[in-house]
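Chains as they are written, first to last, in this note's numbering: chain A, 1 to 115; chain B, 1001 to 1110.
Since the hints were derived computationally from the structure, they do not count as laboratory data. A few of these clues could be false.
One-sided excerpt, in silico: chain B residues whose CB lies under 7 Å from chain A [to be verified]:
(1) D1031
(2) Y1032
(3) T1034
(4) P1040
(5) P1044
(6) F1046
(7) F1100
(8) T1102
(9) G1103
Computed from a prediction, not measured in an experiment: that's the story for all the values here. Glycine residues also receive a C-beta, built at the ideal position from the N, C-alpha and C atoms.
Read off the chains here:
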Amino acid sequence: DAEITQSPRHKITETGRQVTLACHQTWNHNNMFWYRQDLGHGLRLIHYSYGVQDTNKGEVSDGYSVSRSNTEDLPLTLESAASSQTSVYFCASSNSGGTAQETQYFGPGTRLLVL
Amino acid sequence: LAKTTQPISMDSYEGQEVNITCSHNNIATNDYITWYQQFPSQGPRFIIQGYKTKVTNEVASLFIPADRKSSTLSLPRVSLSDTAVYYCLVGDRGTDKLIFGTGTRLQVFP
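Excised from the complex, chain B in its bound form (with noise of 0.2 Å):
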């Protein structure tokens, strides 16, 4: 199965920029790299997803190399609300089976 990891943690502080990386030295060659947020006791919900180069919509932007084995989730000015774990979600080549990343634990101070 794919390796999909993301760092454990990232502390920032409001307004400020928050970049997220996810390595998929696996990714399926033909699948989409989808971001999720999860709160605490709920299931996780949509940010963006794209494919290659750069996608933006009104709440995030996300930059994938032209080789796919990373994505990089950017949160632009987060505020205290943006508290929250992210995950990647990619395919994977050997297998065909969608793997979430490890997520990772964003903490935004005042």
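Isolated chain A (complex conformation) (with noise of 0.2 Å):
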């Protein structure tokens, strides 16, 4: 079955470090999402990818960088994390939509904490 998957589920790092979170789906989607999700804000989006290529900046990107060298993956990548920076972090996947707003299905998500 298509499905999509993060990894890591958990990660602890500390302030300063690179860390990649990693976003693979199998609906040869055309789009994916990255948000993150904190209390009292909601889900806000990071960055979004509508192929190959192709990213562009969400909500919240400010931190944060993305790379689409193919349909299935979308690594979000932290260049120094911070502890601001800790949240929960969901990748999401829909098809290339007409006007219509494309269903997004959302993977289990990142838990990430910086220290």
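Dock the two chains into a complex; use the hints.
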């Protein structure tokens, strides 16, 4: 069955370290998204991609980067982790839509703690 | 960015109808309104989507007024398993970005 996976599921790191969170989907979806979820803020969009070699900034992109070298993967990199980046990170994917907003399928999440 | 606001929490009893409203004052003209459900330690999952008027599927209804500045998710006859956080998702007219609402925590009591 097609799915979307994230790894690791839990990560503890130290301030200043580079961290990469993986996201892999087997639906062959063109669109992929990264969100962070914090108490009191709901889900906020970090970066998104509408296809290979395409990346776009979301609402809270500072301190994060993504790259899209193939359809299946959109890794999220924290260049220099900060305590403010402690959060739960969700990856999602969706099909390319016409005018309709396509359904997003979410991964199980990665819980990141920056000490 | 659009302000997409929802009530923080709601309580209900099993068998009752629950209506959750989302206010989206700057929604993109051509974008749809989508609602998601999220259980603890899981990613959100799709419930329903609509553009205007009313949409109904096997689990919920979605009511959207003509000005599209709000939408109401209606859950008929809720059960304990409907206890979750519910989010609306809309496109922002200014930035074209998708913005999730603040989320509504629904607690269903027996």
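Here is how each hint holds up against the structure:
1. The criterion of a C-beta within 7 Å of any C-beta in chain A is met by D1031/B, whose closest approach is roughly 6 Å, and the hint holds.
2. Using the Cβ-Cβ criterion of 7 Å, the hint placing Y1032/B at the interface with chain A is satisfied: the shortest such distance is roughly 4 Å.
3. A distance limit of 7 Å between C-beta atoms decides the matter here; for T1034/B the minimum to chain A is near 6 Å, and the interface restraint holds.
4. With a least beta-carbon distance of about 11 Å to chain A, the hint placing P1040/B at the interface is violated under the 7 Å criterion.
5. Restraint check, P1044/B versus chain A: the minimum CB separation of about 5 Å is within 7 Å; hint holds.
6. For F1046/B, the shortest C-beta to C-beta distance to chain A is roughly 5 Å, which falls under 7 Å, so the interface hint holds.
7. Among the interface hints, the one on F1100/B holds; its C-beta lies about 4 Å from the nearest C-beta in chain A, closer than the 7 Å criterion.
8. Annotation: T1102/B was flagged as interfacial toward chain A, and the flag holds, the nearest CB pair being 5 Å apart, inside 7 Å.
9. Given the 7 Å rule on beta carbons, the hint for G1103/B holds: about 4 Å separates it from the nearest Cβ of chain A.
Going down the numbered hints, you'll see the structure goes against just number 4.
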